[in-house]
Structure formats: C-alpha cells, structure tokens
Amino acid sequence: MNKPLRRVAIFCGLLVLALLLRDNWLQLVRADELNAHPKNRRVQIERYSNERGNIIVDGKPITGSVDSGDKFYKYKRTYLEGPMWAPVTGYASQAYDANQIEKIEDGILTGNDDRLFFDRTMAMFTGEKKKGGDVITTLNGAAQKAAFEGLGSKTGAVVAIEPKTGKILAMASTPSYDPSSFAGYSAKDEKAWVALEKDKNKPKLNRAIREIYPPGSVFKVVTAAAALENGKVTDINAATDTPEGWKLPLSTKEMVNHAKGCANASLNRALEISCNSVFAKLGDDVGRDKMVEMAEKFGFNAEQFTPVRSSASVFDKKADRPGNALSSIGQFNTATTPLQMAMVTAAIANDGKLMKPYMIDQLRAPNVDIIKQNEPEELSRPVSPETAQKLQQMMENVVSNGTGGKGDLNMDGVKVGGKTGTAQHGEKNAKRPYAWFISYAKTSEGSPVAVAVVVEDSAGTDREDITGGGLAAPIAKAVMKAVLKTRG
Amino acid sequence: MSVVTNTTTIGAIEAPSRRNTELALLAFAVVIPVFAYLNVGLAIDGKVPAGMAGYGLGLALLAGVAHLVVRKWAPYADPLLLPLATLLNGLGLVLIWRLDQSPRIIARYKTFTPDAPNQMMYSAIGVAMFVGVLLLLKDHRVLQRYTYISMVAALVLLLLPLVPGLGADVFGAKIWINVAGFSIQPGEFAKLVLAVFFSGYLMVKRDALALASRRFMGLYLPRGRDLGPILTIWAVSLLILVFENDLGTSLLFFGMFVIMLYVATERTSWVVMGLLMSTAGAVIVGSTASHVQSRVAAWLDPFECLKTAPEGSNMAMACDQMTQVLMSFGSGGILGTGLGQGNSDLVGFAANSDFIFATVGEELGLTGVMVFLLFYGLIVERGVRTSLAARDPFGKLLAMGLSGAFALQIFVVAGGVMGLIPLTGMTMPFLAYGGSSVIANWALIGILIRISDTARRPAPAPAPSPDAEMTQVVRP
Numbered sequence: 001m002n003k004p005l006r007r008v009a010i011f012c013g014l015l016v017l018a019l020l021l022r023d024n025w026l027q028l029v030r031a032d033e034l035n036a037h038p039k040n041r042r043v044q045i046e047r048y049s050n051e052r053g054n055i056i057v058d059g060k061p062i063t064g065s066v067d068s069g070d071k072f073y074k075y076k077r078t079y080l081e082g083p084m085w086a087p088v089t090g091y092a093s094q095a096y097d098a099n100q101i102e103k104i105e106d107g108i109l110t111g112n113d114d115r116l117f118f119d120r121t122m123a124m125f126t127g128e129k130k131k132g133g134d135v136i137t138t139l140n141g142a143a144q145k146a147a148f149e150g151l152g153s154k155t156g157a158v159v160a161i162e163p164k165t166g167k168i169l170a171m172a173s174t175p176s177y178d179p180s181s182f183a184g185y186s187a188k189d190e191k192a193w194v195a196l197e198k199d200k201n202k203p204k205l206n207r208a209i210r211e212i213y214p215p216g217s218v219f220k221v222v223t224a225a226a227a228l229e230n231g232k233v234t235d236i237n238a239a240t241d242t243p244e245g246w247k248l249p250l251s252t253k254e255m256v257n258h259a260k261g262c263a264n265a266s267l268n269r270a271l272e273i274s275c276n277s278v279f280a281k282l283g284d285d286v287g288r289d290k291m292v293e294m295a296e297k298f299g300f301n302a303e304q305f306t307p308v309r310s311s312a313s314v315f316d317k318k319a320d321r322p323g324n325a326l327s328s329i330g331q332f333n334t335a336t337t338p339l340q341m342a343m344v345t346a347a348i349a350n351d352g353k354l355m356k357p358y359m360i361d362q363l364r365a366p367n368v369d370i371i372k373q374n375e376p377e378e379l380s381r382p383v384s385p386e387t388a389q390k391l392q393q394m395m396e397n398v399v400s401n402g403t404g405g406k407g408d409l410n411m412d413g414v415k416v417g418g419k420t421g422t423a424q425h426g427e428k429n430a431k432r433p434y435a436w437f438i439s440y441a442k443t444s445e446g447s448p449v450a451v452a453v454v455v456e457d458s459a460g461t462d463r464e465d466i467t468g469g470g471l472a473a474p475i476a477k478a479v480m481k482a483v484l485k486t487r488g
Numbered sequence: 001m002s003v004v005t006n007t008t009t010i011g012a013i014e015a016p017s018r019r020n021t022e023l024a025l026l027a028f029a030v031v032i033p034v035f036a037y038l039n040v041g042l043a044i045d046g047k048v049p050a051g052m053a054g055y056g057l058g059l060a061l062l063a064g065v066a067h068l069v070v071r072k073w074a075p076y077a078d079p080l081l082l083p084l085a086t087l088l089n090g091l092g093l094v095l096i097w098r099l100d101q102s103p104r105i106i107a108r109y110k111t112f113t114p115d116a117p118n119q120m121m122y123s124a125i126g127v128a129m130f131v132g133v134l135l136l137l138k139d140h141r142v143l144q145r146y147t148y149i150s151m152v153a154a155l156v157l158l159l160l161p162l163v164p165g166l167g168a169d170v171f172g173a174k175i176w177i178n179v180a181g182f183s184i185q186p187g188e189f190a191k192l193v194l195a196v197f198f199s200g201y202l203m204v205k206r207d208a209l210a211l212a213s214r215r216f217m218g219l220y221l222p223r224g225r226d227l228g229p230i231l232t233i234w235a236v237s238l239l240i241l242v243f244e245n246d247l248g249t250s251l252l253f254f255g256m257f258v259i260m261l262y263v264a265t266e267r268t269s270w271v272v273m274g275l276l277m278s279t280a281g282a283v284i285v286g287s288t289a290s291h292v293q294s295r296v297a298a299w300l301d302p303f304e305c306l307k308t309a310p311e312g313s314n315m316a317m318a319c320d321q322m323t324q325v326l327m328s329f330g331s332g333g334i335l336g337t338g339l340g341q342g343n344s345d346l347v348g349f350a351a352n353s354d355f356i357f358a359t360v361g362e363e364l365g366l367t368g369v370m371v372f373l374l375f376y377g378l379i380v381e382r383g384v385r386t387s388l389a390a391r392d393p394f395g396k397l398l399a400m401g402l403s404g405a406f407a408l409q410i411f412v413v414a415g416g417v418m419g420l421i422p423l424t425g426m427t428m429p430f431l432a433y434g435g436s437s438v439i440a441n442w443a444l445i446g447i448l449i450r451i452s453d454t455a456r457r458p459a460p461a462p463a464p465s466p467d468a469e470m471t472q473v474v475r476p
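From first to last, the protein sequence lines are chains A and B.
With the numbering used here, the residue at position 30 of the first sequence is 30, and numbering never jumps.
With the numbering used here, the residue at position 63 of the second sequence is 63, and numbering never jumps.
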C-alpha cells in the first residue's frame, strides 16, 4: 500500500502548495489593488483614526476634527464657514470619501505620508498620539469672503490670482454646500448627501475650476493679444478696416454688434465698447492656427493642476473660418473655466508672464517643520511685455471710459483694468446669459491681484440688466479691494 | 536477514522515544501563544492584559497533562503532533480573544458574550478527549471490530441535523444540533467515525475491489456490485449537500473515501471514477441549489457580483463577505498589521469561526499565513508518515484517512477563504471558534498518536527461529 500512500502524500503537499501560491498571489501581488479598493473601508478607518491635520488660511485653520466616539471612525471632520471654503478644501466624509485638497493631501493630513515617517517614528518613541500635518494655502481670507458674499444668492464663481506668483487668493463658487453636513456616516449625513446629489443647482460642483462657460466678450482680450502679437494691429488707436455689417467669412450672415460706432473702430475703442465685428474679423485675420496657439499659451485646451485638477478650457482647434471668427469673440465652441480667465488676466497684468496657478503654499509636519514649500513657477509667456502693456492700457480704458466702470476702485495710485462679457448661450441664445468680468488692479509695484468673475444666472435680475459690467464687476471690485487692503 | 523494516520513521531497535524533544517543542507551543496574547493586549489597551497569567497557566496545564499521558501511555508516539496541535489551539484562542475585544463586534450584537472563555473550556474538553482516547484505546486495531457499528453511527450523526426539533438552521446551513443548550456539529465527529468504517471495510474488501475488475480503455472498471459502496457514499454526500447546505462536509467525506479507496486498492481507476462522480455531483447541485450558485458567483468575481446581485439577497451577502475577506488579506500585505491592529472584524459574522483565517491574513500577513499553512502541512505530513510506518493495513488506512481528511479540510477552508475555490463554510481545525471542531480534532490527534506509537514502537525481538540454528550434520 505504500506506493499509493506516497502519491497521496504528494497530493496533500500539492494542496498545501496551492494554498501557499494563492496566498502569495493575494497578499503579495494583489495587495495594493485590494488595499486601494473603493469598497475597502480600512482606508477610511485609517483616515479618521487620529486627529486629522488642518487646512490653513491666513495662519488660521478653516477645518477641524472632533472626537465623535464612533466605533469605526474615531474623528469627524468639521469645517469653519464650510460653504465659503468648500471649493478650496473639498470634503472629507466618512461615508463618501474625500475630494480636492482633502483627498490630494490626504497623506499629509492623516500623517501617513512617507515624508512624515520620521515624525511618526519619533512620536512612537515619545508616546505622543499620532497627528496629521497641515496644509497651508495661498488663499486670502478677506478676498474669499468678498467673493463669496459678492456672489451671494447668485449662481457663479470667482477666482482671484496674484499675477506675480500665480498664488490663488480666492476661489468661490455658488451655490455651495457645507462639507460638515455629510462628514459623518449617519442617516442625517446620508440625507444631506443625497439632497446635495439631487439638487438641480449642483451645489457640489466647483464652478471655479470644473465648469466651463462660454466666455463671450471677455475672450476678446485673447483675440486682441493675438492680433498685437501677430502684427495685425500695431497701433491700438488706429482705425481698423472693419465695415459695419461685416459678414462672416464664407457666409452671408452679418456679425451683430450691440454697440454703436463699431465701423472701422480702433482696437482700443472696439474693446471699450465691445465690438463683435472688429474682433471676429481680427480673429479671422490672425487665422485659426495662430489663434489656437495664442489661446493655448494662455492655458486653453489643457487641464490645470492647482493641485486640484481643473477642467480644460476649450478653444476649437478644428473650427472652419466662420467658426474661428465666432470663436474669437468667445462664442461657437469656446468655453472656459473662471480659473482660465483669471490666468489670462493675470498674465496680462504681469506684463506677459503667465505664472502657474497654485493654492498650496506649504505642507507642514505636526511638529511645524516645513516639509514642502511650493515656489512660483512660470507656465509660459503668451505675450511680450510691450503687447501686455498695450493690453493693460486698453483694459484700463474699458474701466475708466467703457463698460467696466463699476469695477473701478477709485483708489489713489491703483490702476484697474478689466473687461466685461455677457455670454449668450443656449439654442438661439434663449437661455439667460452669463455675466462675466475680468479685471486686475495695479500699483507702482506691479499687480497684486487679477480676478475673474462669472455670474451664471441671477434670478430676479431682468434679462436686459444682465451684463458683465452690472452684475459681475462689483464683485470683482470687492475682491480687489479686499486684497489691496490686506496688503496694507 | 533483517527484521527491522527500513522506513524513515521507524528507527532501529532501541530507537529513542523522542519524548524530551516533544517536551521542548511543547514549551515553545505554550510560550509563543502567551507572547501573542501579550502582543494583543499591548496593541489594544496599551497594557499587559489581565488574563495573561491565567491564560498561560491554563495552556501550560493542558499541554503538560497531554504530555504526561503521552509519555506514560504512548511513549513512542510522533513527537511533533502534540506540540503542533497545542500551538495552533493556543494561537486560535489568542485570535478569538482578540476578536472579542473588537468594539465593532461588541456593538453589532446586542447581547455580546466573549467567545474566548468558552473556547478555553472546549479546548480543555478537547484535551480530555485526547487523554481519553489514549487511555481507552490501547491498540487502534480494536476499532476494526466496530466497522459496521461505525457506519451506522456515522449515518446517524450525519442525518441528526435533519431531525425536526433537534436540528438547528443557522444562517442557512443545517449542520448543527441542539442538545441541552449546547449546539453540536455532528459532522465533525462523523469524520472520525467514517474513517474508522472506511478503514475496516476497505481492509476486508480491498482485494475484491482491486482485482475483480475488467480492463476497459486502459482503466480497471470495477464490477457493479463493488460499485455499491462508492455510489452510496456519493449519494450520501450529495444528500448532505442538498439537505444540509453543507458543501464542505460532502466534499470532505467523498474525498476521504476516494483517497482511502485508492490507497487500499492501488487502482488509479478509482481516482478517475471519483473525480468523474464528484464533477457530476458538483454540476447537478451547482445548477440547482441557489446557495451553491451564489457561492460560485462570489468566488468567480466577488466585486463584480456585489454590483449585480440584488440588494439584501443571499448572493449579495455571500459576495460582500467574500470581498471583505479578500480585502482583509490584501491589507495584511507581507508582514501584516500586527496582532490587534487590523480591521478583520469588518468581515462580520463568523469572523471568529469560518473566517478566522482572514484575521491571520490581515494581522500576521503573508508570513503568518504561510507559517500557519506549513504547521497544518506538517501535521498532515506526520500523519502520512505514521501511515507509511504502520505495520497493519487497518492502521495504515486509518492514519491515511484521518490525515487525508485533515489535509482536505485545510484546503477546503483556507482555499475557500482565500478565494481559491468556492467558499464552503467549514472551520479551520484548532484555530476557529467552535466546540465540536476543537474536541473532534483533538480526538483525531489522539488516534494518530496512538497509531504512531504502535508504528514506531521497536519491533519485538525476533523469536528464535529453528532455521537460524546451526545446521547439524547427522551422520548416518
């Protein structure tokens, strides 16, 4: 009987071997995948097992953690002025994961990041409780408040950037939500989450970076930049060769101007009163490829990482001639995030140098050591300093003489440049138009702030009154004022 | 002419008994779980657990008694079996105690009672059973006399859970009976009794089964009347599967029978037939029984099945459990999170019985799981060696049947929990919570020790043979 016995012994050995192989497959090969699986609550449990670090604005935390005494997730996230800061912080929910900074810098905030290894080890020896590190933002509390309160009950978004560095100073989006309302996982939290998900106004959408809008007339500054850079216009005050009733190329359709006096208007005048015909023709003169090149230098057709990812703004690369002409006045397929328009403005205000926008200044270990310091980074140089100065001159003219009057700060030594936009959209432009305003303030030391504001739909405002100058400019003004004030 | 058969485990005459080796190994088998206990206490509360002295002394006492009994009544027994069983039992207790500390498990059940004290008691009864086997069973060959009684007993044990009023339906599986407030899993004991029946039956019938067959396409096909028992066992295991929802037990019994049949007859054709029949059985049941289907679905792709299964259904539950177990293993990684620091309690109910291996996977990691698998493999290997060394066919078959069943059980449970095969809902011997399992497995170790004692006992000195005497030349 011994021969079959030995064979069975081998068979039993093979059974154990199969188990060993399977275990290696599970715990060695698939471990990372299983660990990162969205169904795996361990990530969440770990995330809330100790006091989470904070997101800091102006030296003060805008987040917090409370010990909820829960069996699964010990600490719960709290937010100060949640709705105002939600577009910056994102949320960290025990039931619904996290997003934006809360997610991107999760390693620092939970204290699990490799860069915090030394801290963790030291804490182990000293017997201290494990704590997360902090994320220090570039934001300016006063500017954020001005932006959020300026938007009020209207739907819209504001982005403010410091042109010199690319630091994001304000990022507001309305309607907003309170991340505290679903930070836990109770029935109440679920109800709040479901209500937000179902809300037709999409409060969870970060309009400042994740929504792309037709920019309308504010895009004309890009077209103006392209015309100047490509030598289509050299003197901004010289008359252009644009007949009133300029027809779109290959079409019999005439470009409609809302303003009077656009015939052969100079570039400066055309921007001041926002002539569609002049800019459509300039876009056509520059040509699609050069227009695309200019738009992309400003950051179009690419996602931006602030480090929170923004949607890519669109300038159609394959448009035909009439399409390109329409694109050049911010219509057709052109669509942009408020962040993108703030970048355009900032590049102009910064004499043609576009800095990469960012909102995390420092990452700080629990023992307040700085573990990462973000430095300003140049993204591109869309226009020459001469062109930038010409653009500034024209934008300042828009504010002092044209449609952007309500954006003026009337402060000594501060020049304000801007551009309004009223973007019609929807089929036959039937939907209520978006009101845009982009602007910057400039002192003798350069520009401290560039702002882009979009007001999506303002209930209660008569359709005729929805203009960038009327609705959006005051908000931009408040934000600029707040920034200038805090700078002393 | 040599009287000593040269196998690896039977030493020469005057072979050392290895009892001191066993004692030294037992010291490790007690000390390691005590340290594990300390580890859990420090990880959860940050202080030395209060029950540590009691636990250590209890385990040492059990090990000591078992050792003394072996030293006295089975002096030549295999020295590895007892330490391995003690170590696994001790670590099992630590794991159950660790899960008792989980606030989530406490919160889940309104009336929570810790399981570890019960398991300690069951372990004591198990060791008592072990001692009883060694004291009462002076020679394993005595069991041959009970061949047919064993068959009846095994059938009764297997069918008891189906008796109305006695059987208890727990989470869909009817494998428990309630007696005087205790729930017992008769299947665990049936495993031992069936092995006795198979050994006795096959020892008598092996020649008929091996030789009275026709050759057909390279296979020896047995005669119809010899097919009787194999068909009966096949039918019984299918019945268990269908009526008691117990995939694991039926697989175990059928597998054990086929292994023993093969060893007894040395005919590969039985293995082929056994495989064919189990495949047929699996297909029939798999396509009709819904709980088997949901387990197969949970095995094929648990994460996908979780999405498609209707909410609240049996299938969704099976899939959810499987995903939890897999993620538990996944988060253990190579070294594990450390005892007391994992989240294997997320597996939910049966975390300390059917799925206790997930806790090993998460908290001790790949390393720990491999160590446990090798411990089990070592027990099987010592069993097979005992079988090889046994000098009587009954002992050979019995040792092989028991260790084969043990190996199959390990494979079915660990393979099920790790997603290698569909989950069957059996328990890891010695590790998992459950009285029947611990007691029956201690009895199994007792029988193996008894057989190994007989097998390794030095052969009696050869009787003086007249042939060996000097040839005398008788002169006429």
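The set of hints was computed from the structure by calculation and includes no laboratory data.
As the structure is a prediction and not an experimental result, all values here were calculated from the model.
One should not assume that every hint holds.
[Said to hold, decoys possible] Below, a list of computed lysine-lysine pairs in the DSBU-like style, where the Cα atoms sit at most 30 Å apart:
| no. | chain 1 | residue 1 | chain 2 | residue 2 |
| --- | --- | --- | --- | --- |
| 1 | A | K145 | A | K71 |
| 2 | B | K205 | A | K71 |
| 3 | B | K174 | B | K307 |
| 4 | A | K290 | A | K318 |
| 5 | A | K198 | B | K47 |
| 6 | A | K485 | A | K154 |
| 7 | A | K74 | B | K47 |
| 8 | A | K191 | A | K103 |
| 9 | A | K39 | B | K110 |
| 10 | B | K307 | A | K103 |
| 11 | A | K74 | A | K154 |
| 12 | A | K202 | B | K72 |
| 13 | B | K174 | A | K74 |
| 14 | B | K174 | A | K188 |
| 15 | B | K47 | A | K200 |
| 16 | A | K60 | A | K103 |
Taking the hints in turn, this is what the structure says about them:
1. The suggested pairing of K145 (chain A) with K71 (chain A) is violated, with an alpha-carbon distance near 37 Å, which exceeds 30 Å.
2. Note on K205 (chain B) and K71 (chain A): the hinted pairing is violated, with a Cα-Cα distance of about 61 Å set against a maximum of 30 Å.
3. Distance restraint check for K174 (chain B) and K307 (chain B): the Cα-Cα separation of roughly 29 Å lies within the 30 Å cut-off, and the hinted pair is therefore satisfied.
4. Annotation: proposed proximity of K290 (chain A) to K318 (chain A) holds, straight-line Cα distance about 12 Å (limit 30 Å).
5. Our distance criterion of 30 Å between C-alpha atoms is broken by K198 (chain A) and K47 (chain B), whose separation comes to about 49 Å.
6. Between the alpha carbons of K485 (chain A) and K154 (chain A) the distance comes to roughly 25 Å, so the proposed pair stays at or under 30 Å and holds.
7. Between K74 (chain A) and K47 (chain B), the direct Cα distance comes to roughly 21 Å. Compliance with the 30 Å bound is thereby established for this hinted pair.
8. At most 30 Å may separate the alpha-carbon atoms for a hinted pair to count; K191 (chain A) and K103 (chain A) meet this at roughly 22 Å.
9. Among the hinted pairs, K39 (chain A) with K110 (chain B) is consistent with the structure: their alpha-carbon atoms are about 26 Å apart, no more than 30 Å.
10. Proximity of K307 (chain B) to K103 (chain A) is assessed by CA-CA distance (about 25 Å); at most 30 Å being required, the pair is judged to hold.
11. Proximity of K74 (chain A) to K154 (chain A) is assessed by CA-CA distance (about 37 Å); at most 30 Å being required, the pair is judged violated.
12. In summary, the hint linking K202 (chain A) to K72 (chain B) is not supported, as the alpha carbons are separated by about 80 Å, beyond the 30 Å threshold.
13. For the proposed pair K174 (chain B) and K74 (chain A), the alpha carbon gap of about 39 Å is over 30 Å, so the pair is violated.
14. Of the pairs offered as hints, the one joining K174 (chain B) and K188 (chain A) is violated, with about 40 Å between alpha carbons and a cut-off of 30 Å exceeded.
15. Distance check on the hinted pair: K47 (chain B) and K200 (chain A) sit about 54 Å apart at the alpha-carbon level, beyond 30 Å; violated.
16. Among the hinted pairs, K60 (chain A) with K103 (chain A) is consistent with the structure: their alpha-carbon atoms are about 20 Å apart, no more than 30 Å.
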